Amino acid sequence: MKAIEPDAHERQLIEAAQRDPSRFAELYETSFDRVYAFVARRVPGRDEAEDLTAEVFHQALASLANFEWQGTPFAGWLLGIASHLIAGRWQRNAREPEICADELESIGVPEQTERQAMFSQLVDRLPEDQHYVIRRRFLDQRSIKDIAKELGRSEGAVKQLQFRALENLRNQVRTRRE
Amino acid sequence: MNNSMADQLEEAVSALMTGSQSGPHQSDPRIRQLLAVADELRYLPRTGFRARLRTDLETAANHRAMHRPLDILPAPPRQRGSRESVVPPLFRTGSSAFPVRGSHLAISFALHVAALSLVVAWGWWMVENRAVVRKTVAELIPSDSYALPAAPGVSYGGGGGGDDDKMQASHGSAPRFAAEQLTPPAVNVRNEDPKLAAEPTVIGSPDLVLPQSTQPGDPMAALLTPPSNGIGSGGGIGSGHGGGVGSGEGPGVGEGRGGGIGGGVFRVGGGVSAPRAIYAPDPEFSEEARKAKYQGSVVLSAIIGSDGRPRNLRVVRSLGMGLDEKATEAVARWRFEPARKGSQPVAVEVNIEVAFRLY
Numbered sequence: 000m001k002a003i004e005p006d007a008h009e010r011q012l013i014e015a016a017q018r019d020p021s022r023f024a025e026l027y028e029t030s031f032d033r034v035y036a037f038v039a040r041r042v043p044g045r046d047e048a049e050d051l052t053a054e055v056f057h058q059a060l061a062s063l064a065n066f067e068w069q070g071t072p073f074a075g076w077l078l079g080i081a082s083h084l085i086a087g088r089w090q091r092n093a094r095e096p097e098i099c100a101d102e103l104e105s106i107g108v109p110e111q112t113e114r115q116a117m118f119s120q121l122v123d124r125l126p127e128d129q130h131y132v133i134r135r136r137f138l139d140q141r142s143i144k145d146i147a148k149e150l151g152r153s154e155g156a157v158k159q160l161q162f163r164a165l166e167n168l169r170n171q172v173r174t175r176r177e
Numbered sequence: 000m001n002n003s004m005a006d007q008l009e010e011a012v013s014a015l016m017t018g019s020q021s022g023p024h025q026s027d028p029r030i031r032q033l034l035a036v037a038d039e040l041r042y043l044p045r046t047g048f049r050a051r052l053r054t055d056l057e058t059a060a061n062h063r064a065m066h067r068p069l070d071i072l073p074a075p076p077r078q079r080g081s082r083e084s085v086v087p088p089l090f091r092t093g094s095s096a097f098p099v100r101g102s103h104l105a106i107s108f109a110l111h112v113a114a115l116s117l118v119v120a121w122g123w124w125m126v127e128n129r130a131v132v133r134k135t136v137a138e139l140i141p142s143d144s145y146a147l148p149a150a151p152g153v154s155y156g157g158g159g160g161g162d163d164d165k166m167q168a169s170h171g172s173a174p175r176f177a178a179e180q181l182t183p184p185a186v187n188v189r190n191e192d193p194k195l196a197a198e199p200t201v202i203g204s205p206d207l208v209l210p211q212s213t214q215p216g217d218p219m220a221a222l223l224t225p226p227s228n229g230i231g232s233g234g235g236i237g238s239g240h241g242g243g244v245g246s247g248e249g250p251g252v253g254e255g256r257g258g259g260i261g262g263g264v265f266r267v268g269g270g271v272s273a274p275r276a277i278y279a280p281d282p283e284f285s286e287e288a289r290k291a292k293y294q295g296s297v298v299l300s301a302i303i304g305s306d307g308r309p310r311n312l313r314v315v316r317s318l319g320m321g322l323d324e325k326a327t328e329a330v331a332r333w334r335f336e337p338a339r340k341g342s343q344p345v346a347v348e349v350n351i352e353v354a355f356r357l358y
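These protein sequence lines are chains A and B, in that order. Here numbering that gives the first Met the number 0 is used: the first residue of the first sequence is 0, the next is one more, and so on. Here numbering that gives the first Met the number 0 is used: the first residue of the second sequence is 0, the next is one more, and so on.
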């Protein structure tokens with residue numbers, strides 16, 4: 000479990016969004032990767048992950064005026080909303096909730112979620128052609144053959160791009176950990 | 000790097016994506032490490048979802064921010080890899096959807112206030128103007144009870160008639176008084192065999208009883224013979240005209256006119272009650288008088304018949320500027336509870352003062 004250090008900037012963003020809901024977009028951009036990663040690991044499909052993520056942010060927007068700054072990171076508050084929604088969804092499906100209250104500390108975010116959010120940022124920094132292949136292959140779940148057709152290149156070349164992109168990501172993760 | 004490594008990795012990735020392999024189980028540690036990275040990538044959101052959700056949130060936030068003062072920041076260009084340092088505002092300027100500025104809100108507020116003020120002022124003016132009109136109309140009738148003033152003298156009436164004879168009417172008794180007259184009296188009856196016989200009467204209160212004799216004629220005539228209807232006209236007996244008896248005018252008896260006995264129509268007083276207006280539509284100002292802000296009173300003379308209708312309207316005191324005509328038009332539409340002598344409705348002549356005032 001990794002704690003997110005709340006900083007003064009985040010507090011300013013929250014207070015600005017409480018005064019003016021239009022500023023909520025700034026909080027959204029800084030929190031999206033974590034919330035989606037948290038949800039995606041706990042629900043079976045992407046459709047459900049997207050539905051729940053959207054619900055988390057809409058609830059957060061609606062309840063933002065009630066958010067009291069007590070040093071708790073905003074992402075922790077969002078993940079709290081997410082965990083309640085996920086638990087509610089599992090209960091509605093008459094199944095045991097996969098997530099328990101202990102999983103989240105009050106001011107922490109699961110390390111796996113942090114790592115997932117980091118991958119989202121690292122993918123954005125890949126070279127253009129590698130970024131395209133990774134996005135189409137893993138985010139849009141297209142086959143190598145389809146991607147090769149879209150790029151006008153051979154399947155072998157696309158496989159090489161995929162190989163290099165994954166190596167690139169692995170190296171960046173190593174660099175960050177060090 | 001050789002192609003076999005890339006192919007091997009793709010096979011492992013395909014197995015991962017289709018769910019036939021839940022995680023990295025490759026023997027090659029290099030492939031295994033890359034497959035672990037690929038496993039993480041499976042949980043990234045689909046392309047476009049992030050932007051779509053942001054748009055949805057913008058719409059929702061826009062809804063919530065409609066009534067708040069807004070901090071408008073220009074939208075900085077979004078660049079890949081610099082998301083952390085960029086603070087994109089939700090509302091964009093320029094031609095994008097829903098541009099909102101504080102100045103726009105202020106202008107909109109001012110316009111709404113101006114429009115509302117205009118509506119209120121117009122309504123206020125209408126109410127005030129309506130009050131003026133109503134007040135002016137209310138002042139047209141001198142008395143709040145519409146009771147007309149009593150005449151200072153005694154009441155009198157009269158009538159007259161004749162049949163264009165060369166001789167003055169002969170002496171005799173007038174027929175009995177009745178509220179209406181079907182047949183005028185006559186000394187010499189021209190039609191001895193009428194198809195529909197009716198008793199001759201004169202108009203007046205049936206309570207009035209004159210000495211009766213077998214010879215009909217004018218009670219005021221000096222001549223006894225020869226029998227004559229008189230030199231008057233319009234039927235009746237005498238030198239007047241109008242179906243009555245005497246030298247007057249109308250269906251009564253004696254001098255004067257209008258009915259009854261004596262020298263004219265009834266006047267209020269002496270046992271005759273005043274008529275009471277029961278329907279009195281407001282007269283209008285003439286356009287000429289309104290523009291000139293001309294004020295004053297018109298006095299009309301009228302006979303209020305036993306049926307409550309005014310007739311013989313004439314202007315006694317003129318005001319001009321078209322107001323005489325307006326007053327006459329209005330009073331002609333009035334209806335009265337007729338004057339009464341005893342229990343019988345009778346016609347009376349009254350003066351009506353119509354005041355035109357602007358406030």
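Treat the hints as calculated values from the structure; they're not laboratory data. A portion of the hints provided could be inaccurate.
What the hints assert, rightly or not - Keeping only pairs whose Cα atoms sit at most 20 Å apart, straight-line, the calculated EDC-like set for lysine to aspartate or glutamate is:
1) A:Lys-148 with A:Glu-166
2) A:Lys-148 with B:Glu-10
3) B:Lys-292 with B:Glu-336
4) B:Lys-325 with B:Glu-352
5) B:Lys-290 with B:Glu-348
6) B:Lys-325 with B:Asp-281
7) A:Lys-144 with B:Asp-323
8) A:Lys-144 with A:Glu-113
9) B:Lys-325 with B:Glu-283
10) A:Lys-144 with B:Glu-286
11) A:Lys-148 with B:Asp-6
12) B:Lys-290 with B:Asp-323
The model shown is predicted, which means the values in this text are computed figures rather than measured ones.
Taken at face value, is the distance from the CA of Glu-336 of chain B to the CA of Lys-292 of chain B at most 20 Å?
Violated - the C-alpha atoms of Glu-336 of chain B and Lys-292 of chain B are around 34 Å apart, more than 20 Å.
Item to complete: Verify the proposed pairing of Lys-144 of chain A with Glu-286 of chain B, using a straight-line Cα cut of 20 Å.
Response: The hint is violated at about 92 Å.
Below or equal to 20 Å on CA atoms is what counts here, so check Lys-325 of chain B against Asp-281 of chain B. holds (10 Å)
Hinted pair, alpha-carbon criterion (20 Å max): Lys-325 of chain B, Glu-352 of chain B. Please report holds or violated. holds (13 Å)
Checklist entry - CA of Lys-325 of chain B to CA of Glu-283 of chain B, is that 20 Å or under? => result Roughly 6 Å separates the two Cα atoms, so the pair holds.
Next on the checklist: Can you confirm whether the C-alpha distance between Lys-148 of chain A and Asp-6 of chain B stays at or below 20 Å?
Outcome noted: Given that 20 Å is the threshold and the Cα spacing comes to 18 Å, the pair holds.
- Message: So if I understand the rule, the pair passes when the alpha-carbon distance is 20 Å or less; does Lys-290 of chain B with Asp-323 of chain B pass?
- Response: With Cα atoms ~16 Å apart, Lys-290 of chain B and Asp-323 of chain B stay inside 20 Å; holds.
* Under the criterion that the straight-line Cα-Cα distance not exceed 20 Å, is the pair Lys-148 of chain A, Glu-166 of chain A satisfied? -> violated (23 Å)
| field | Hinted pair Lys-144 of chain A and Glu-113 of chain A, Cα distance within 20 Å | value | Outside the cut-off at roughly 32 Å; violated.
Regarding the pair Lys-290 of chain B and Glu-348 of chain B, is the alpha-carbon distance no greater than 20 Å?
violated (34 Å)
- Can the restraint linking Lys-148 of chain A and Glu-10 of chain B be considered satisfied, given a maximum Cα separation of 20 Å? holds (19 Å)
Do the alpha carbons of Lys-144 of chain A and Asp-323 of chain B lie within 20 Å of each other, as the hint requires? Given pair Lys-144 of chain A, Asp-323 of chain B is violated - Cα atoms ~104 Å apart, limit 20 Å.
Checked against the numbered hints above, the structure violates hints 1, 3, 5, 7, 8 and 10; every other hint is satisfied.
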